[in-house]
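Trainee: Chains as they are written, first to last, in this note's numbering: chain E, 1 to 164; chain Z, 165 to 449; chain G, 450 to 610.
Accuracy of the hints is not assured; some may be wrong.
[As the list claims (entries may be wrong)] Residues from chain E that keep clear of chain G, each with C-beta distances beyond 12 Å, as calculated:
1) ASN21
2) LEU32
3) CYS41
[Stated by the list, open to error] Taking lysine to aspartate or glutamate pairs in the DMTMM-like style, the calculated list, with each CA pair at most 25 Å apart, reads:
4) G:LYS527 / G:ASP504
5) G:LYS481 / Z:ASP246
6) Z:LYS172 / Z:GLU299
7) G:LYS451 / Z:GLU178
8) Z:LYS400 / Z:GLU369
9) G:LYS521 / Z:ASP215
10) Z:LYS314 / Z:ASP230
11) G:LYS451 / Z:GLU169
12) G:LYS451 / Z:GLU369
13) G:LYS481 / Z:GLU169
14) Z:LYS368 / Z:GLU411
15) G:LYS521 / G:ASP566
16) Z:LYS440 / Z:ASP403
17) Z:LYS353 / G:GLU598
18) G:LYS568 / Z:ASP246
19) G:LYS506 / Z:ASP202
20) G:LYS592 / E:ASP95
Keep in mind the hints are simulated off the structure, nothing from the lab. Glycine included, each C-beta is placed from N, C-alpha and C at the ideal position.
Listed below are the residues making up each chain.
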Amino acid sequence: MKQRIELLVNGEYHELYVAPNTLLINVIREELQLTGTKYGCGTGQCGGCTLLVDGEPVLGCLTLAVAVDGAAITTIEGVAAVDGTLDKVQEAFLDNNAVQCGYCTPGMVLMAKDLLRRNPHPSEADIRHHIKGNICRCTGYNGIVRAVKAAAERQIEGDANANG
Amino acid sequence: MQTVEYLKPADMNELAALMQQYAARATFIAGGTNLIPDMRSGRHRPEVLLDIGDLKAMNAIALNDDHLSIGAAATIARIAADATVNAHCPILAAAAAKLGNPLTRNRATIGGNLANASPCADTAPPLLSLEALVEIMDVKGQQRQVPLDKFFRGYKWTDLAPGEVITRIVVPKPSSGMQGGHTKLGLRKAAAICVASVAVMLEKENDHIAKARVAFGSVAPKPIRAYRLEAFFEGKAADATLLSQCEPILQQEIAPISDIRGSEAYRRQVTAVIFKRNLQELLWS
Amino acid sequence: MKTYPITIELNGEARNTDVSATETLLDVLRNKFDAVEVKNGCEQGDCGACTVMLDGKAVNACLVLALQASGKAVTTVKGIGSQTSPHALQRAFVEQGAIQCGYCTAGMITAAKALLDEKSTATTAEIRQAISGNLCRCTGYKKIVAAIESVAKKEPATHKR
Chain E
1 MKQRIELLVN GEYHELYVAP NTLLINVIRE ELQLTGTKYG CGTGQCGGCT LLVDGEPVLG
61 CLTLAVAVDG AAITTIEGVA AVDGTLDKVQ EAFLDNNAVQ CGYCTPGMVL MAKDLLRRNP
121 HPSEADIRHH IKGNICRCTG YNGIVRAVKA AAERQIEGDA NANG
Chain Z
165 MQTVEYLKPA DMNELAALMQ QYAARATFIA GGTNLIPDMR SGRHRPEVLL DIGDLKAMNA
225 IALNDDHLSI GAAATIARIA ADATVNAHCP ILAAAAAKLG NPLTRNRATI GGNLANASPC
285 ADTAPPLLSL EALVEIMDVK GQQRQVPLDK FFRGYKWTDL APGEVITRIV VPKPSSGMQG
345 GHTKLGLRKA AAICVASVAV MLEKENDHIA KARVAFGSVA PKPIRAYRLE AFFEGKAADA
405 TLLSQCEPIL QQEIAPISDI RGSEAYRRQV TAVIFKRNLQ ELLWS
Chain G
450 MKTYPITIEL NGEARNTDVS ATETLLDVLR NKFDAVEVKN GCEQGDCGAC TVMLDGKAVN
510 ACLVLALQAS GKAVTTVKGI GSQTSPHALQ RAFVEQGAIQ CGYCTAGMIT AAKALLDEKS
570 TATTAEIRQA ISGNLCRCTG YKKIVAAIES VAKKEPATHK R
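Could you build all of it, start to finish, from the sequences and the hints given here?
Mentor: Below you can see the structure in the form of structure tokens.
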């Protein structure tokens, strides 16, 4: 018996009918065709399915879609500007060799953005702690950590320029 | 790797002198694509390395009146691309092009491929079907020519005595009516050790098979000529029934084993398939 | 242990050292000449990570004795282009996402360069053949081939040697 839910995804309104046991990640990937969010393990261990739900990081594979009825969801596709300009975090990832196969990257970027929102001056330990739930098999994490640090610096610079 | 001496003769005279001096203690190196991994693994522990790879005389590819002469140190890449080889024995060029990969082909040599005498040696079946001979120099500087089918004595066992070297490969020019085919089966398109291969040279006269030379690789302890199969075909009318009739004879000629690249049963089946494909191609296309 | 003096022209520069008879060109490049852009993948000619050009021909450095390279010209990927002045191939690899871990890259570019030195335009099949001795565990080859194609399929005048 399908249930009606409403989601605001990357600023776009969607009315959906889903079975109660439908996972959020499947709605995002299959109903809405937003495949940037990855299905890595299905058990909440790899972080590939990281989404922001009402601004808070959430694992799409462990969330029922009906449980987030009415929420505003940000996926990786919603991070760059509408005109395609990359977010500072995305730029920093590209500039710091933080992307190899790219599979962990959407989750990493969302967690990085979440961190910088809470803590604009994260230490390396802060960064490593915040991405503990996101596994990368390729890079060894150093490039990712460097990228987040660089993004933090650019953000501060950007804010200073905007305000100064 | 242990202490080894290295010498690089500048010409054939110097080579002969060194061979006389070092005799059975000498190990020859040209491309090194087999020898270096063997040295690293300890399978070969040479005392003295004689580098023959750059010797002009052993690199020459020349067409004579009745034969093609290929220096033993000629690289596989060069042989695959050589205009003379492609014109007169295209199946050798074709087989060379399938050996290893482009990087190893730039170093590996035809002499090394034959001297190593793997049953999977890629250049062997075409050379066998072309009735090639190897020219060998002994430690006293004497030359002898050995037909390739006699050169291969058994599993990785050749006519080379310690200290002897192949100087060139002599390929009798096939008569103008001879056409050839070659197939190599491997588990990959490149860098593949042969699973089964066949080389066929056929001459047709009217609708009869006047001459047949067939060689197989990777289906016996050494690369082999299939004499009984050849005798079966010679003189026969080029009839489609030959394909089924020859099968039992073919199966008697080969003695494949099961290994990591394929089972005996697979090799038996697939050798017959590639042989028949080549036969059909040569007789009826 | 008996050693021999050798001279190798490495990326245009004469380099000297002493080697044993069994040291390979790969050993010497990485351990004596600090040319660590040449990678050690398998040491037996299977992976192509150690691809260099020897007198213009692409070879596995692990299958050449250092002594055999004496008196010859060796080109590594650093001799093909630099960070400040990259070759079209290097730019294409970066721009097209043909690099993940980067380990096969030097060998790939060297093998591709050897192809382009032979023929300035190449078909997709020729490109795949030319890199058939270079293994990549990351990319699935698609972007590598596309990167090389983007350079190899232009008219000869538009890319530099």
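Trainee: Could you run down the list of hints and mark each one as holding or not?
Mentor: Going through the hints against the structure:
1. ASN21: holds (35 Å)
2. LEU32: holds (26 Å)
3. CYS41: holds (21 Å)
4. G:LYS527 / G:ASP504: holds (16 Å)
5. G:LYS481 / Z:ASP246: Distance ~37 Å between LYS481 (chain G) and ASP246 (chain Z) Cα, so the pair is violated.
6. Z:LYS172 / Z:GLU299: holds (21 Å)
7. G:LYS451 / Z:GLU178: holds (21 Å)
8. Z:LYS400 / Z:GLU369: holds (10 Å)
9. G:LYS521 / Z:ASP215: holds (15 Å)
10. Z:LYS314 / Z:ASP230: holds (21 Å)
11. G:LYS451 / Z:GLU169: holds (7 Å)
12. G:LYS451 / Z:GLU369: Since the Cα atoms of LYS451 (chain G) and GLU369 (chain Z) sit roughly 63 Å apart, the hinted pair is violated (cutoff 25 Å).
13. G:LYS481 / Z:GLU169: Given that 25 Å is the threshold and the Cα spacing comes to 20 Å, the pair holds.
14. Z:LYS368 / Z:GLU411: This hinted pair holds, its Cα atoms lying about 20 Å apart.
15. G:LYS521 / G:ASP566: Within the cut-off at roughly 18 Å; holds.
16. Z:LYS440 / Z:ASP403: Given pair LYS440 (chain Z), ASP403 (chain Z) holds - Cα atoms ~12 Å apart, limit 25 Å.
17. Z:LYS353 / G:GLU598: OK: LYS353 (chain Z) and GLU598 (chain G) at ~20 Å, within 25 Å.
18. G:LYS568 / Z:ASP246: This hinted pair holds, its Cα atoms lying about 16 Å apart.
19. G:LYS506 / Z:ASP202: holds (23 Å)
20. G:LYS592 / E:ASP95: Roughly 19 Å between the alpha carbons, so the hint for LYS592 (chain G) and ASP95 (chain E) holds.
When the structure is compared with the earlier hints, violations turn up for hints 5 and 12 and for no others.
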